[in-house]
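> Residue strings, one per chain:
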Amino acid sequence: MMKPKRYHPLLMLFDVWGFVKNVFFLVIILFVLNYQSQSFLFKYGRYAFYLYTVITFIYIISKWLTQKYKLGDTAFHLYKGVFTKKEQTIPYAKIQNVNRHISVFHRIFKMTSIHFETAMSGEDTTIKFNVISLQEADKMEKVIEQGTQHDRELDDHDFGQDKLERQNDIDVEEHKEVPDEVSTLKTNAQSGRQNRVIHFNPTKRDVLKASFTSLSFLVLVPILVSLYFQLDDFFDLDERAEGLISIILSAWWLIVVIIVALVITSIIFGIVRVYLKYGKYEISSDEERVYITQGVIDERSFSISKQNVQAVEITQSLIKRLLGIVEVKLISAGNLKIDDDDLKISSLYPFLPEKRAYEMIAEILPSYEITEQMSKLPKKALWVRLLRPIWFIVLVSVALFYFQPAIWGLEQAWWIGLVLLIVVIYSFVILGYKNTKYTINDHFIQIKKGGMVTSHIVTKRDKIIEVKVFRSFLQRKLGIASFEIVNRANPVRHTELDDIPVAMAGSVYTWYMDRTKEIEIE
Amino acid sequence: MFTDIQTPQKKLSKDIVKVTIISELISNSIGFIVLGVLFYLDDRFSWKDWIGWILIAITVIAILAAVWSTLIRPFLLYKYTRYHVDEEFLQLKTGALNETHELVPMTKIQAVETNQGPIMRKYGLYSISIETMGSSHAISGLQRDVAMELRNKIAHYAKIKEVES
Chain L
1 MMKPKRYHPL
11 LMLFDVWGFV
21 KNVFFLVIIL
31 FVLNYQSQSF
41 LFKYGRYAFY
51 LYTVITFIYI
61 ISKWLTQKYK
71 LGDTAFHLYK
81 GVFTKKEQTI
91 PYAKIQNVNR
101 HISVFHRIFK
111 MTSIHFETAM
121 SGEDTTIKFN
131 VISLQEADKM
141 EKVIEQGTQH
151 DRELDDHDFG
161 QDKLERQNDI
171 DVEEHKEVPD
181 EVSTLKTNAQ
191 SGRQNRVIHF
201 NPTKRDVLKA
211 SFTSLSFLVL
221 VPILVSLYFQ
231 LDDFFDLDER
241 AEGLISIILS
251 AWWLIVVIIV
261 ALVITSIIFG
271 IVRVYLKYGK
281 YEISSDEERV
291 YITQGVIDER
301 SFSISKQNVQ
311 AVEITQSLIK
321 RLLGIVEVKL
331 ISAGNLKIDD
341 DDLKISSLYP
351 FLPEKRAYEM
361 IAEILPSYEI
371 TEQMSKLPKK
381 ALWVRLLRPI
391 WFIVLVSVAL
401 FYFQPAIWGL
411 EQAWWIGLVL
421 LIVVIYSFVI
431 LGYKNTKYTI
441 NDHFIQIKKG
451 GMVTSHIVTK
461 RDKIIEVKVF
471 RSFLQRKLGI
481 ASFEIVNRAN
491 PVRHTELDDI
501 PVAMAGSVYT
511 WYMDRTKEIE
521 IE
Chain R
1 MFTDIQTPQK
11 KLSKDIVKVT
21 IISELISNSI
31 GFIVLGVLFY
41 LDDRFSWKDW
51 IGWILIAITV
61 IAILAAVWST
71 LIRPFLLYKY
81 TRYHVDEEFL
91 QLKTGALNET
101 HELVPMTKIQ
111 AVETNQGPIM
121 RKYGLYSISI
131 ETMGSSHAIS
141 GLQRDVAMEL
151 RNKIAHYAKI
161 KEVES
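These protein sequence lines are chains L and R, in that order.
If you're matching positions, the first sequence starts at 1 in full-length UniProt numbering and goes up one per residue.
If you're matching positions, the second sequence starts at 1 in full-length UniProt numbering and goes up one per residue.
Since the hints were made in silico from the structure, they are not lab data.
Built from N, CA and C at the ideal position, the CB exists for glycine as well.
Among the clues, some could well be false.
[Said to hold, decoys possible] Straight-line C-alpha distance at most 27 Å; calculated DSS-like pairs for lysine-lysine:
(1) Lys517(L) with Lys10(R)
(2) Lys122(R) with Lys517(L)
(3) Lys380(L) with Lys108(R)
(4) Lys517(L) with Lys159(R)
(5) Lys93(R) with Lys517(L)
(6) Lys94(L) with Lys159(R)
(7) Lys79(R) with Lys477(L)
(8) Lys477(L) with Lys93(R)
(9) Lys477(L) with Lys11(R)
(10) Lys108(R) with Lys329(L)
(11) Lys108(R) with Lys517(L)
(12) Lys94(L) with Lys108(R)
(13) Lys448(L) with Lys108(R)
[Claimed, not checked] Among the chain R residues that face chain L by a calculated CB cut under 7 Å, a handful are:
(14) Arg82
(15) Glu88
(16) Gly134
[Stated by the list, open to error] Here are the in silico distance ranges between beta carbons for each label pair:
(17) Ile198(L) with Asp86(R): 47 to 57 Å
(18) Asp514(L) with Asn152(R): 26 to 36 Å
(19) Asn441(L) with Lys153(R): 50 to 60 Å
(20) Leu474(L) with Asn152(R): 18 to 28 Å
(21) Phe19(L) with Ala155(R): 45 to 55 Å
(22) Lys122(R) with Ser427(L): 48 to 58 Å
With the rest of the complex left out, here is chain L:
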C-alpha cells in the first residue's frame, strides 16, 4: 500500500498564482496609482501588504509541507495541520461525483485539478487536489472506482440483493482483486478510456444554434459597461467619454457605422463565447460512469457513477421549446461546481435536440425508462388555479384604486397596470396548467411542470427520500390533492405537484411504501 504522499509541488505555484490574481488590483492601487502618496492609508497600507505577502508565502509553503494524502483500499486518508494535526478518512463509497478543471495554468504545466465531491454536510466535504498530473488523477479515479466496487461486492455477497440497481454486467473476476501495483493501475486506467462510448459531440450547427438560443450576442454590452465602470475607478473616463460622445452624435453616419460594428462584434463575440464553452463538448459513458467534458481552453469535466444519479431533469425555456431543444441535467447529491464558479457542469449538452436527448438518456442510463405517456391535470385543477390568485388580485386592485398612482403623468396608469398584471398572472396559470404532466411508471415517477420554463423530473422510487401528500380545504371539496417528493441533491430538492386527483395522490403514498422491496440494506 502507498505511503502518505505530499501534494504536487506545483500546488505552491498555483496558490501563488491565486494570490497574485487576488491582489492584482490592490497592487495597482498601492504601488502604481498612489506610489507617490505619503498619506497614512497608503503608506501603512504598503507595509501591511508586505506583511500579508510574507505571511501568505509562509502559509503556502507550510501548507504544502504538512498536508499529505493516502489512497487506501476503500478510503481516502488526508493529513493536515501545522500545529493541530488533523487526520480525515473519507470512504470512497461516499463520493458522489468527480469534477475536473483544466485552466490555462494547468494547461501550461500539463496538469489538472480534480475534486471529489461527497454529500456530507459541514466543512471539508470536498476532497480537493488543485494541481495534480493527469496520470495521477486518472489513477486516483481508477483506485476509487475499484475501491467502491470492492465495497459493494462485499455487500452483494452478504445479502445478494440489489439486482435492480445492477443492470450492467460487471466482470466480477476482474474487480475482485484490488490492485496495489501502480503498473496494473495504469493499464487499467488506459483500458478504461477505451471502453468509453462517446454519445455526443456538437457539430458546427449545434454551436450556432446554441449561440442564438442562449442569446449570447446580448452579453457584450453589459460586459463593456461593467468594464467601463471598473476602469473608471482608476482613471477618470467620464470627461473623455463625454467628449467622444459629442463627436459621435454630431455625424449620423458615424452613429450608423458604430451601431453596425457593435452588432457585428456582438454576434461574433457571442458565437466565440459559446464556442469556447460548448464547442468542444463530449458526453461519454462506460459501464459504470457517465463523463461530461466541456470547454475549449478552460476545460471542465464531470463524472458521476450511474448509480449515484439521483434524478434526471429535462428543462426547456420558451425559446428552446420553439426550436425543439432541451437541456438534460443529471442530479447528484454532491457539489456540482468546481472552485467558486457558477458554472455547473452536470448538464448533458444544454442545447440538445429533443428526440436525441431522450435517446441519449436511454443509452447512458439504461436503468432509466422515460415514457412520453403522461397524465394531464384534471379540469378541476384549472378552476382551483384560477381561483387561487384572486385574493391577491383583489388586494392589489383595492390598493391601486385607493391610491390611483399616475405613472409618467398618465392618469389611467393604475388600471392599465392592473389589467396587465391580471393578464400576466393568468397566462402563467394557464401555461402552468397546460404544461403539467405526470406519471408513475413501475418504479419511476415523472413530473413535468412550469410556466415559461418547464422542468421535467424523472426519478426512481429508491432515490426518493421522503414523500408528503397534502390537500387544502378547497382541494378536499373538489376531490384533488397535492404531493411532494424529496430527492438528495445539493441542496436537497423538493418537487411538488399540485392538484391531481385525490386517488392518484393517495397512490403516490402507497407506491412509495413499496420501496422497501427494492432497497438494499447495509
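Starting from the known structure of chain L, fit chain R onto it as the hints suggest.
Just chain R now, with coordinates in the frame of chain L:
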C-alpha cells in the same frame, strides 16, 4: 379521506390540549400587552391618524387569531394529529382543514431527540423531533414513557442503513 392511505392510529396525549392553551395564552397576552403599550404611546404622543387605524386593524386581527389559537386550534391539533412508527416508515398525519400525510423511511432518519419546554414539563409531556436529510419533523406532546419508548424505537430502526448510491 385519502382512500388508499391507511391513516396512522396513535394519538398525542390528551394533556397537549391544556399545554397548547396555556402557551398560547401566554404568548397572546404578551402580544396584547405590546399592543396596549402602542395604544398608550399613540394617545400620549398623538401619533398620526392612520397609525391609530392600523393599530385598530391589528387588534381586530389579533383578537380573531387569539380566539382561533386558544379556543379552537388546540382541540383540532389533538384530534387530528396521528403518528405511526414501524421498522420501515415513520408516518405522520396532521391538519384538520389542510390535511397532510408524511412518509419518511426509517433508513433516511439521521437523528432523533426529545425535548421539553417548561409548560410541557408541568404536565410530564415531551416533544420528539426527527431529523432527516431533507427536513425535520416533530411529534409534540407525548407522555414521558411513550416518548422515551418511541425515541428508542426510532433510534433502533434508524440504525439500519440502506446502501446509499
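> Now look at each hint and say whether the structure bears it out.
Against the structure, the hints come out as follows:
A C-alpha spacing of about 25 Å is found between Lys517(L) and Lys10(R), which places the hinted pair at or below 27 Å, so the restraint holds. Note on Lys122(R) and Lys517(L): the hinted pairing is violated, with a Cα-Cα distance of about 44 Å set against a maximum of 27 Å. Between Lys380(L) and Lys108(R) the CA atoms are separated by roughly 35 Å; this puts the pair beyond 27 Å, and the hint is violated. A threshold of 27 Å between alpha carbons decides the hint, and for Lys517(L) with Lys159(R) the separation of about 18 Å falls inside it, so the pair holds.
Simply put, Lys93(R) and Lys517(L) have alpha-carbon atoms about 24 Å apart, close enough for the 27 Å limit, and the pair holds. Between Lys94(L) and Lys159(R) the alpha-carbon distance is near 18 Å, which keeps this suggested pair within the 27 Å criterion. Annotation: proposed proximity of Lys79(R) to Lys477(L) holds, straight-line Cα distance about 20 Å (limit 27 Å). At most 27 Å may separate the alpha-carbon atoms for a hinted pair to count; Lys477(L) and Lys93(R) meet this at roughly 19 Å.
At roughly 26 Å between alpha-carbon atoms, Lys477(L) and Lys11(R) fall within 27 Å of each other, so this suggested pair holds. Straight-line distance between C-alpha atoms of Lys108(R) and Lys329(L) comes to about 24 Å, which keeps the hinted pair within the 27 Å bound. With a C-alpha separation of about 16 Å, the suggested pair Lys108(R) and Lys517(L) falls inside the 27 Å cut-off, and the hint holds. For the hint linking Lys94(L) to Lys108(R), the alpha-carbon distance of about 15 Å falls within 27 Å, and the restraint holds.
For the suggested pair Lys448(L) and Lys108(R), the alpha carbons sit about 26 Å apart, so the restraint of at most 27 Å is met. The interface hint given for Arg82(R) is broken, as the beta carbon of that residue sits about 14 Å from the closest beta carbon of chain L, more than 7 Å. Taking 7 Å as the C-beta cut-off, the interface hint given for Glu88(R) holds, the closest approach to chain L being about 5 Å. With its C-beta approaching chain L no nearer than about 4 Å, Gly134(R) sits inside the 7 Å limit, and its interface hint holds.
Between Ile198(L) and Asp86(R) the Cβ separation comes to about 48 Å, which falls inside the hinted range of 47 to 57 Å. Hint check: Asp514(L) to Asn152(R), Cβ distance near 27 Å, so the stated range 26 to 36 Å holds. The hint said 50 to 60 Å for the Cβ distance between Asn441(L) and Lys153(R), and at roughly 35 Å that hint is violated. Here the CB-CB span from Leu474(L) to Asn152(R) is close to 41 Å, at odds with the stated 18 to 28 Å.
Remark: the range hint 45 to 55 Å for Phe19(L) to Ala155(R) is upheld by a beta-carbon distance near 48 Å. Take Lys122(R) and Ser427(L): their Cβ atoms lie about 55 Å apart, and the range 48 to 58 Å holds.
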